[in-house]
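Chemist: First residue of the sequence shown? That's 1116 in my numbering, and the numbers climb one at a time after it.
If you are wondering where the hints come from, they were derived from the structure by calculation, not from laboratory data.
It is possible that part of the hints are untrue.
[As the list claims (entries may be wrong)] Here are the simulated lysine-lysine pairs, DSS-like style, with alpha carbons at most 30 Å apart: (1) LYS1734 <-> LYS1580; (2) LYS1513 <-> LYS1734; (3) LYS1437 <-> LYS1488; (4) LYS1311 <-> LYS1386; (5) LYS1513 <-> LYS1614; (6) LYS1513 <-> LYS1739.
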Amino acid sequence: MSLRPLAAATSLILILAACGDDPGVADVVADVVADADAVADVTTPDVVPDVVPELVPDTAPAANQLVFTASGCATTCQATADSGTAVDITVMYRKPTGEPIPNATVRFAIDVTADVARLTSFTSTTTANGQATVSLSLLANTATPVKVDASVDGDAGAGVISYTVTIAPVIPAPLELTFAYTGTSPAASYALRLFKQTGGKPTCAELDPDQPGGIPTADLALGPYPLTDKAKIAVLPDLDTELTQTWAVRAIGPPTGTTLVSGCVQGVEVKYGETKAVTLNLVDLPLRWEGEYRLTTTADMHTGIPGAAGDIVSFLIGLFTKPGEVALLAACKNPSGLLDTICDFLKSGDQLSATGLIAADAANVAFFELAAKVIGDDVVVTGQSIASLLSDLRLGSKLTLASEPTVADLTDPTVTWFPADTVGEVWETASFYWKFGLDCAPSDLECGLIGVKLIDIYKKVLTAKFGASVDAAGAIWIEPHTVPGFDYGTLLNFIIERKVLPLLFGDGTVPHPDEPGEFLPPVDSYEKVIGTIFGDELCLYYDDCCEWFSQKEAVVENVPLDAETVISACELLIPAGADWIRDQVATLSGSLEIGSPEGERCMGTSLFGKRNADALGSKEAQCKWEATFDLGGTPFSPAATWWGSRI
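Modelling step: build the complete structure from the supplied sequences, incorporating the hints.
Modeler: As structure tokens, then:
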């Protein structure tokens, strides 16, 4: 027997149940329901097969797309930016196929008030590439999220996309330095050295770059900075926990190498969350002076010599204009004995007699003939030539500064003195120009310059100690002082007798015209030049100057003495004339008084970026001397200038 499907049985039961209240029927129904699981376990083939419904395709159009262009973003984006900055927000509006949609209006909305953040615009039109951009300015200095929504007008399907920027608070720089500088240093940048102060230490004085050991190690070293910029110190160590600190700041420029510019400020109190603005004055550091310097003094040792001293110098210089006359007058100044006898024929009072003038003219010929053989026929040397030589004399000295200036002036705070006994000089050389026969360029200061060591002239070292000071501008003042033993007469005599005469008449290198391989003796004394004047250019070689003198026509015809007597007298004339010249020049004796004029300083200059005083004045801008020679009781103040350079 086969069972009917559950659906049919259930229908029958329900019908029966509906026909009455018979309890038996109710029990039957309950039993049938209770056995439903058992019925379900009995499977029979479905009379109605399963039917799978056919899918109907979605024919609605795809939506356009609005996305952010920032990397890693699409419809949402998150970023963090510092307070006070601006963030550009750019979106892309495109078709489902990816093609950009231009000329669409993108609307932006912000969820904070204008004191927190602001948009440059609430709308932006897409460009040809489908992009639209606005800028978000972050104004608040608190950690605040700012959400910007973007949507497209007239296209709700593109949706609303959101860009959230969280403001990162910025703590103000605790220290801002402004620099004031009006110096001339070539330093173009500088560095900062910051020192946290405790109990007022360290002080700026303790941070002086010129102190022994230099600037100590800083708590914070920053830079370099251009001289024209401000310096903002963004972070100071431990200020966020200590909240208040005190600092000393030293600026140095350039950042490396020799410090040329510096400034310092101390007691700078800074507080966390606040900016302390400070002006720091920078100044050029003073030059370093300690060392040795070669000084060159230019002096006019001829012009303006007063009184009898001037007459002596003029007489000596006349030797080169009227040599015969000067030689005879010198020889006959104080004659006696045989010398007096012959001088009676040569002189008339204080002047030469007619006979003397004739003899002098003959002597002049010998003088200039010999000079022509030495320096050339086309060169004429006169007393004026020698005067010019003395008018441009060069004196060389060595200045020693054994210490830096450290002693404050009692009346002028801008002036500092060198310690006592630390400044001195040694006068070393004298030089003159001998340009006869030379083709010297006007700008060539060495051409024709002939020098001599002063120790060879004076047989001792000419030295002096004195005071000196420098001012804030870097200029030195030399205290007026005496150079003992530096007398004018000795210098003049040596230059004329030992230098000019050999240059003019031969220094032993002039070949003998008639004796191959032989040389004429040097003419390096007044005796030799007077002998040559009395004789001829060869008489020194043959030692017959007086023999030649006795045979000169003027002597033979006008001096009624025999040749032997004339020769004997001549041999007395020569040393007498030489001694008289030396004696006269020796009266021009005394010391030199020299120093800087009152109120006249000499500027020091650093040439090599090391802050040393490398130059004192210059050849083009020479410093002034106030100099006075004692000429045997007559003061003579030559015009004198100088310049110097570090050795």
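Chemist: Each hint: holds or not?
Modeler: Hint check results:
no.	hint	in the structure
1	LYS1734 <-> LYS1580	holds (25 Å)
2	LYS1513 <-> LYS1734	holds (17 Å)
3	LYS1437 <-> LYS1488	holds (18 Å)
4	LYS1311 <-> LYS1386	holds (13 Å)
5	LYS1513 <-> LYS1614	holds (23 Å)
6	LYS1513 <-> LYS1739	holds (17 Å)
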